[in-house]
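> Chains as they are written, first to last, in our numbering: chain A, 1 to 301; chain B, 1 to 229; chain C, 1 to 245.
Rather than coming from a laboratory, the hints here were simulated on the basis of the structure. Any given hint might turn out to be false.
Below, a list of computed lysine-lysine pairs in the DSBU-like style, where the Cα atoms sit at most 30 Å apart [said to hold, decoys possible]: (1) A:Lys140 x C:Lys101; (2) A:Lys184 x A:Lys267; (3) A:Lys153 x C:Lys101; (4) C:Lys231 x B:Lys128; (5) A:Lys184 x A:Lys121; (6) C:Lys101 x A:Lys175; (7) A:Lys121 x A:Lys153.
Predicted model only: the values in this text are computed from it and were never measured.
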Amino acid sequence: MQLRKPLNATLAALITAGAVALVPAVAQANTLQKIKETGTITLGHRESSIPFSYYDQNQQVVGYSQEMMLKVVDAIKAELKMPNLQVRMMPVTSQNRIPLVQNGTVTIECGSTTNNSERAKQVAFSNTLFIVGTRLMTKKESGVTDFEQLAGKNVVTTAGTTSERLLRRMNEEKKLGMNIISAKDHGESFLTLETGRAVAFMMDDALLYGELAKAKRPADWTITGTPQSYEAYGCMMAKDDPAFKKVVDAAIAKTMTSGDAEAIYNKWFLAAIPPKNINLGFPISDAMKKLFKEPNDRPFE
Amino acid sequence: MFGSYEFDWSSIPGSLNFLGQGLLVSLEITALAIVAGIVWGTLLAMARLSSIKPLAWAAAGYVNLFRAIPLVMVLLWFFLIVPKFLESFLGLPPGSDVRLASAMIGFALFESAYYAEIIRAGIQSVPKGQLAAAHALGMSYPQAMLHVVLPQAFRNMVPLLLTQAIILFQDTSLVYVSALADFFGAAYKVGDRDGRLVELVLFAGAVYFVLCFAASQGVRHFQRRLQRA
Amino acid sequence: MEYQWNWGVFLLPSAVNDGTYLDWMIAGLQTTLSLSLSAWMIALLLGAVVGVLRTVPHRGLAFGATAYVEMFRNIPLLVQLFFWYFVLPEMLPTAAGDAFKALNPIAQQFVAAMVCLGFFTSARVAEQVRSGINALPRGQKNAGLALGLTLPQTYRHVMLPMAFRLVVPPLTSEFLNVFKNSAVCSTIGLLELAAQGRQLVDYTAQPYESFVAVTVAYLMINVVVMLLMRKVEVLVRVPGYLGGK
């Protein structure tokens with residue numbers, strides 16, 4: 001009896017899903033004007049993307065990208081002549097960051113977001129903040145020095161990253177027969193490596209240094225392999241707002257060419273950082289040196 | 001005993017403050033969702049058993065819809081869409097932190113669907129004769145429900161309502177979709193930041209166990225006294 | 001600025017050349033279904049046994065069953081999953097742990113997720129079974145015993161047939177929950193429906209299409225299960241209770 005009830009429910013659900021799907025298409029006002037009117041700017045940040053954007057032991061947001069974002073905020077304050085602009089912090093995840101920038105909840109997000117062509121369809125990217133290469137972390141005694149040696153072995157990477165994409169593509173094209181494990185986040189990827197489930201962990205080198213620094217025995221691990229790609233991290237903001245992007249880009253460019261960016265780099269990659277006062281010891285790459293001289297917003301992919 | 005894994009619990013003492021704040025968020029959401037869920041759930045259950053067909057269908061549609069979608073998706077939709085509604089209708093400034101409010105609303109609406117099912121089963125476990133007897137005594141339908149059927153139904157249902165409350169408390173961890181730090185989220189964040197995920201997750205598990213176990217023992221004790229009285 | 005809708009995204013070849021994104025979603029759906037159904041089998045079996053044991057007049061058995069339920073329902077699923085996947089293999093004798101870790105990673109993830117979800121759900125099933133048995137009028141048990149049946153016989157022929165019929169509606173909730181809870185298993189890297197949806201966001205930057213697709217897929221699974229259980233519920237209804245018509 002009454003087999004129709006659930007069918008009605010389905011229909012209702014589908015209609016709701018349809019209605020709901022229309023909602024996010026909210027028209028976006030001019031960002032600078034909106035900031036001026038509301039007197040506030042909302043900054044999107046990550047929670048554990050060491051050393052780019054994360055909480056320190058006092059739950060304050062710190063990191064390389066965070067400092068760059070604050071430089072941008074200073075420039076916006078100057079542009080709008082609003083020294084008392086109110087700044088709100090909003091943590092974002094890799095899953096919700098794009099919708100939040102799109103629907104205007106977050107004005108600008110600087111963390112460890114790669115600028116790529118798919119994302120550029122939905123959001124705008126600022127001048128590049130950082131350039132990373134995708135490499136491998138492995139146990140020193142594993143004997144692995146490069147990607148070819150991973151054939152037939154278990155390799156871990158973090159779900160949704162460019163590394164995962166490259167690894168899967170490499171496996172298909174070169175028929176390496178690797179078993180690829182996609183862990184939910186970098187912490188779980190490293191745990192997979194640490195507990196011996198995988199011989200190597202492929203990821204952005206800067207993040208690998210971050211994981212290495214957290215390891216119980218940092219001396220056991222090494223970062224190796226030819227970079228398989230380069231990635232440009234940028235700040236995300238709403239699309240089609242050239243006036244706002246210009247202010248953001250200029251602030252980043254100025255920070256880089258003035259030498260401030262190098263000081264920020266040294267602070268986060270070559271000195272002890274919170275929460276555990278570890279030094280990542282990640283020397284500045286040639287690509288980064290070049291970026292600091294000639295800031296640009298070009299993606300690598 | 002612990003094989004080859006080297007445990008290191010040193011991250012926990014310094015983070016107790018942050019973890020405590022997370023626990024508070026979990027408890028706030030749970031308390032609100034239980035109260036709202038039981039009230040709204042009872043109404044839904046009665047509507048579903050009502051002889052007025054459209055009312056019964058509407059309630060069934062609501063319950064089935066919310067039971068059919070994973071909580072994590074409900075929370076995600078609420079988080080992405082509710083703030084926009086609040087902004088347009090209540091004139092909240094954009095970027096207001098409505099994460100807690102949207103999580104609470106999402107939980108209350110979602111959990112009420114589950115409470116409705118438990119309460120419906122509770123009502124149905126009462127022998128029909130009870131309702132007939134109440135009518136024979138001259139009680140109206142609402143009176144019979146309130147004074148005869150619901151008290152018995154709730155007594156049968158206490159263990160399941162409790163189980164649902166415990167599930168709810170544990171489910172608060174799903175607010176991670178909005179990066180709101182509940183207790184589990186706080187523990188996970190500390191673990192991820194310090195590279196001590198296993199330790200922090202086990203610690204969180206132990207705290208959940210102590211709290212939930214104490215709560216279930218408390219209610220059981222209360223229930224026994226209720227039955228003796 | 002408007003969101004750039006692109007429902008054609010599902011038909012695009014994936015970024016790693018292993019079919020289309022729709023194929024990913026279908027593969028995820030298959031994993032969700034096989035994981036949930038196998039976990040449900042474990043849960044029904046263990047849950048029925050433990051639920052019955054909780055009601056027997058034997059202190060040791062009842063205590064053991066109670067401890068089982070309390071343990072599995074008072075610890076969040078995510079924590080239990082972490083335990084089964086990351087911690088347990090480290091606690092086993094090294095040889096056994098290494099043997100497990102030498103398995104194909106997908107098999108490891110699937111086995112850990114299935115066992116975890118099965119045990120977790122069994123504690124809830126046990127509670128339903130127990131409350132079904134307790135909801136029976138006490139006279140039924142006494143009548144069985146008075147007829148000269150032994151206690152096991154009374155359970156087998158008098159109480160359980162009745163109790164199992166009473167718990168079917170609430171068990172529907174648990175059955176639905178298994179499918180939804182299986183989404184948690186993406187956390188250890190198992191590529192089920194929710195994980196494939198998340199991948200789609202990362203690979204295509206089309207979040208809303210993915211959210212809608214995942215929501216609708218769960219909705220469809222649940223509607224099918226509900227239709228099925230509605231039929232079962234009608235079949236097993238007990239006349240004379242408010243649930244009977």
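> Each hint should be assessed against the structure and marked as holding or not.
Hint-by-hint comparison with the structure:
Among the hinted pairs, Lys140 (chain A) with Lys101 (chain C) is consistent with the structure: their alpha-carbon atoms are about 20 Å apart, no more than 30 Å. Straight-line distance between C-alpha atoms of Lys184 (chain A) and Lys267 (chain A) comes to about 29 Å, which keeps the hinted pair within the 30 Å bound. Pair hint Lys153 (chain A) plus Lys101 (chain C) holds up; C-alpha atoms about 12 Å apart against a cutoff of 30 Å. With a CA separation close to 22 Å, the supplied pair Lys231 (chain C) and Lys128 (chain B) stays within the 30 Å bound.
Our distance criterion of 30 Å between C-alpha atoms is met by Lys184 (chain A) and Lys121 (chain A), whose separation comes to about 25 Å. Straight-line distance between C-alpha atoms of Lys101 (chain C) and Lys175 (chain A) comes to about 23 Å, which keeps the hinted pair within the 30 Å bound. This hinted pair does not check out: Lys121 (chain A) and Lys153 (chain A) have alpha carbons roughly 36 Å apart, beyond 30 Å.
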